[in-house]
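> Here's the letter readout for the chains.
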Amino acid sequence: MASLAIKNLFHEKVRLVVTLTGIVFSVILTAVQLGIFQGFIAASTDIVGKSNADLWIVSQNVTHVEQGVEFSESNLYKIVEIKGIERAEKQIVSLGAQMKKSDGSDEGITLVGSDLDGGMGGAWNIVEGSLEDLKKPDAIFVDKLYAESKLGITKIGQVVELNKRRARVAGFTKGIRIFTSQPAVFTSFKNAQSFLNMREDETLYIVIKAVEGKNLDELKSEIAAKLENVEVLTRSELVYRQGIYWVIGTGAGITVLVAAALAIIVGIVIVAQTIYSATVDHIREYGTLKAMGATNFYLYRIIITQAIVSGLIAFVIGISVSLVISRISLEGTLAIIVNWQLVLALFVLTILMCCGSSVVAIRKATTIDPAMVFKG
Amino acid sequence: MKAIEVVNLVKTYGAGETAVHALKGVDLDVFESELLLLLGASGSGKTTLISIVGGILSATSGNCVIRGREIVGLPQSKLPKIRLENIGFIFQGFNLFPALTTQENVEIALDLKGVRGGKAKKRAAELLERVGLKEKLKTFPADLSGGQKQRVAIARALAGEPPIILADEPTAALDSESGRLIMDLLQELAHEQNRAIVVVTHDNRIFDYADRIVKIEDGRISKDESNEQTDAATWMAVPSASVNIPQTA
Ligand SMILES: Nc1ncnc2c1ncn2[C@@H]1O[C@H](COP(=O)(O)OP(=O)(O)OP(=O)(O)O)[C@@H](O)[C@H]1O
Ligand SMILES: [Mg+2]
Chain A
1 MASLAIKNLF HEKVRLVVTL TGIVFSVILT AVQLGIFQGF IAASTDIVGK SNADLWIVSQ
61 NVTHVEQGVE FSESNLYKIV EIKGIERAEK QIVSLGAQMK KSDGSDEGIT LVGSDLDGGM
121 GGAWNIVEGS LEDLKKPDAI FVDKLYAESK LGITKIGQVV ELNKRRARVA GFTKGIRIFT
181 SQPAVFTSFK NAQSFLNMRE DETLYIVIKA VEGKNLDELK SEIAAKLENV EVLTRSELVY
241 RQGIYWVIGT GAGITVLVAA ALAIIVGIVI VAQTIYSATV DHIREYGTLK AMGATNFYLY
301 RIIITQAIVS GLIAFVIGIS VSLVISRISL EGTLAIIVNW QLVLALFVLT ILMCCGSSVV
361 AIRKATTIDP AMVFKG
Chain B
1 MKAIEVVNLV KTYGAGETAV HALKGVDLDV FESELLLLLG ASGSGKTTLI SIVGGILSAT
61 SGNCVIRGRE IVGLPQSKLP KIRLENIGFI FQGFNLFPAL TTQENVEIAL DLKGVRGGKA
121 KKRAAELLER VGLKEKLKTF PADLSGGQKQ RVAIARALAG EPPIILADEP TAALDSESGR
181 LIMDLLQELA HEQNRAIVVV THDNRIFDYA DRIVKIEDGR ISKDESNEQT DAATWMAVPS
241 ASVNIPQTA
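Residue numbers (the working numbering), protein chains in the order written: chain A, 1 to 376; chain B, 1 to 249.
The shape of chain B in the complex, shown without the other chains:
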């Protein structure tokens, strides 16, 4: 089933002479149980795309349907609920709350869902155990390694049981071993829990995790292939600028 359906999505920042055409008509479907890698050069529009899909940025035109619900044109006041019920974000910079312990970091996501008190504590502990941080419940983010921080962030994203997870460069700040651990986790979430996962990355160390690789270039999808059809090595070997782009209509 389609988790995300993007049709002819356009995003223009600003207007007039200084307008930046970040997305120039993007079409993309993402399915349940799918781990999709979104590649593209810096400035190609990756963050813009997942921001719109995640309901934190409004599109200029086009459609974006999240699990059957059109979100383009929805009033701002309706979006928090859609994010809360559908989307889990994972950030390159982790974005943990430094004043809270790992357990409290997860609890705050549960609080947003209306789960509080002892129940929230227990659930947060379970989620952290699932990402392998059972021993670190009372630790503050400052005392964790990058990989551990990102795992807390994943536990936090999972607190809301989101069917869709959007990750922007989740492994960029990590060593390769930590990066693989994170990708193992995300892959498991896609394959065993049927979540749709979009990972924006430059990190060629993780390409082999992809079920599908989509390339965005200058605001347009330039390549969209199932990973089985392609040898991951070709993605790595060819610099993006020289890829021969079959134009998607």
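Bound-form chain A, shown alone:
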């Protein structure tokens, strides 16, 4: 009888509030910790993950894109004939550039230079300025996240010194994070070459867009067969390498991962404990039902209805709060990313936990102890 389940739940308001608070707290804790972890992953991989490229050609043994070594652009000409390639462009990602601040000190930046017509490698999330402006010599886009705080850049037209060269701020991006907390600076491939004093016939990366429907693994081997001393990776392979290097390799992500794992465990324990005690509180009623002839199935249905309803209410509250926290965090330096995958995973986890712990509790009632129902 579903109504007994629901009425029991709402009968004792205090108990309900306690139960919901426990679950809401667990949902928020877990969502925020896993969100921070996702923020770490995003910061370490966005420069590859957000690119529109299907394949990246990188110098050999690259563990992360910020570490690429120059190779000849002739590689680009060797592969242009390949049918499966829709577009191939040169790309630069480097964390070796320095910007001089007004106080005379240097600030390291991550410089991204790409073919602006292709739109594969950047810039993304443009909030001020246009890509046309970025094509002009010396033009750069700076990400707003650290533009003012780290570089003292506040407006378009500001002139700054980048690797001892003059650069002019032509626009801003927003929300591009780099794992090292360096400001992200975008420019054209040509500008980046000159800021980095690279030879004109060299590049750091080649990014490739495949023809619609082309099998990427096949294309990858076709390209690799034509080139020497470079590696061809799919975007997800490179994202994975990025993630492993920054999050695991540097050790920085481990603490976040441990915190996230602890949050899951604490969340599970709280939910289990809350639902378990809420169920045990009513154990005599379940025993009575059993004595009245209710089957175990009937009891399970009541218990699980209660667990799912409390889980649902608490989840909706908890996840709403988490989404607000996430939204606010994206304005600041610590990104807490709560995406739909995380929401879905937490939903399943919450409901399973609620059902699981109530079922454990109800086992007490399904084997009735007469003393329990008969005591005065």
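Do not rely on the hints blindly, as some may be mistaken.
Below, simulated DMTMM-like cross-link-like pairs (lysine to aspartate or glutamate); rule was C-alpha separation at most 25 Å, straight line [as the list claims (entries may be wrong)]:
hint	chain 1	residue 1	chain 2	residue 2
1	A	Lys-150	A	Glu-107
2	A	Lys-174	A	Glu-148
3	A	Lys-375	B	Asp-143
4	A	Lys-7	B	Asp-111
5	A	Lys-364	B	Glu-85
6	A	Lys-375	B	Asp-218
7	B	Lys-113	A	Asp-369
8	A	Lys-164	A	Glu-70
9	A	Lys-375	B	Glu-217
10	B	Lys-78	A	Asp-369
11	A	Lys-7	B	Glu-135
12	A	Lys-364	B	Asp-111
Hints listed in this document are in silico derivations from the structure and should not be mistaken for laboratory results. None of these values were measured; they are calculated from a predicted model.
Model the placement of chain B with the ligands on the given structure of chain A, informed by the hints.
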């Protein structure tokens, strides 16, 4: 006709050194239309006996036949149906669902029987009217007196139309007037509706309602007499420990 037939029933809780021999071979028949009082000192095995008869506790050995059906040794999964069709329990502590109104408390018993919706509401109202609670359909248990609560519990037990009603100390928590009201009801259910009713009690105020009084002592039936043969007063006057027990074989 026999509603309950108990033969050489044994119940031992636990095993080894800590084993408690709660029932040591009980024989007892209970007939339709009979109101039987089960007496005995605390710990003598009364609750254990009616729990086994009611199919919520398994026996160690012996037989217990409920309206022709042996229930000792039946798998757990078969018992709910037997309880549903044969047994109505009444408890000392009433065991009502506090979140439900009196009417809903009765409806849930009907729900177990597959009676739902408007039909269940109507039937629940009828049952509550029968126990004199017509005015209290929408009242929650917390707002009822003990006697009223027990009457709701009886209405709930009756919802399943059980041929057997097992009551453990139904009047212990009630004042004597409420207790008598409950016993009037139970007596009517036995005599006018042919139900077999077993009432476990310490309450000497209600002895005169019994058709038969059975005494259990240390896990054995020590006395089993029709109430007409005995003066109820002798049961009251003699403390259980000093009763001269004719051993039942
Ligand atoms: N679950 C159990 N485990 C172990 N021993 C038990 C259990 N339930 C009852 N007993 C023991 O079995 C014996 C009979 O208990 P039972 O509850 O049947 O007595 P009772 O006649 O109903 O007593 P009371 O009048 O106090 O309710 C007692 O010694 C009791 O301690
Ligand atoms: Mg007892």
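> Run every hint past the structure and note whether it holds.
Each hint tested on the structure:
{"no.": "1", "hint": "Lys-150(A) x Glu-107(A)", "verdict": "holds (7 Å)"}
{"no.": "2", "hint": "Lys-174(A) x Glu-148(A)", "verdict": "holds (12 Å)"}
{"no.": "3", "hint": "Lys-375(A) x Asp-143(B)", "verdict": "holds (21 Å)"}
{"no.": "4", "hint": "Lys-7(A) x Asp-111(B)", "verdict": "holds (15 Å)"}
{"no.": "5", "hint": "Lys-364(A) x Glu-85(B)", "verdict": "holds (24 Å)"}
{"no.": "6", "hint": "Lys-375(A) x Asp-218(B)", "verdict": "holds (20 Å)"}
{"no.": "7", "hint": "Lys-113(B) x Asp-369(A)", "verdict": "holds (23 Å)"}
{"no.": "8", "hint": "Lys-164(A) x Glu-70(A)", "verdict": "holds (21 Å)"}
{"no.": "9", "hint": "Lys-375(A) x Glu-217(B)", "verdict": "holds (20 Å)"}
{"no.": "10", "hint": "Lys-78(B) x Asp-369(A)", "verdict": "holds (18 Å)"}
{"no.": "11", "hint": "Lys-7(A) x Glu-135(B)", "verdict": "holds (22 Å)"}
{"no.": "12", "hint": "Lys-364(A) x Asp-111(B)", "verdict": "holds (23 Å)"}
This entry satisfies every hint, going by the numbered hints stated previously.
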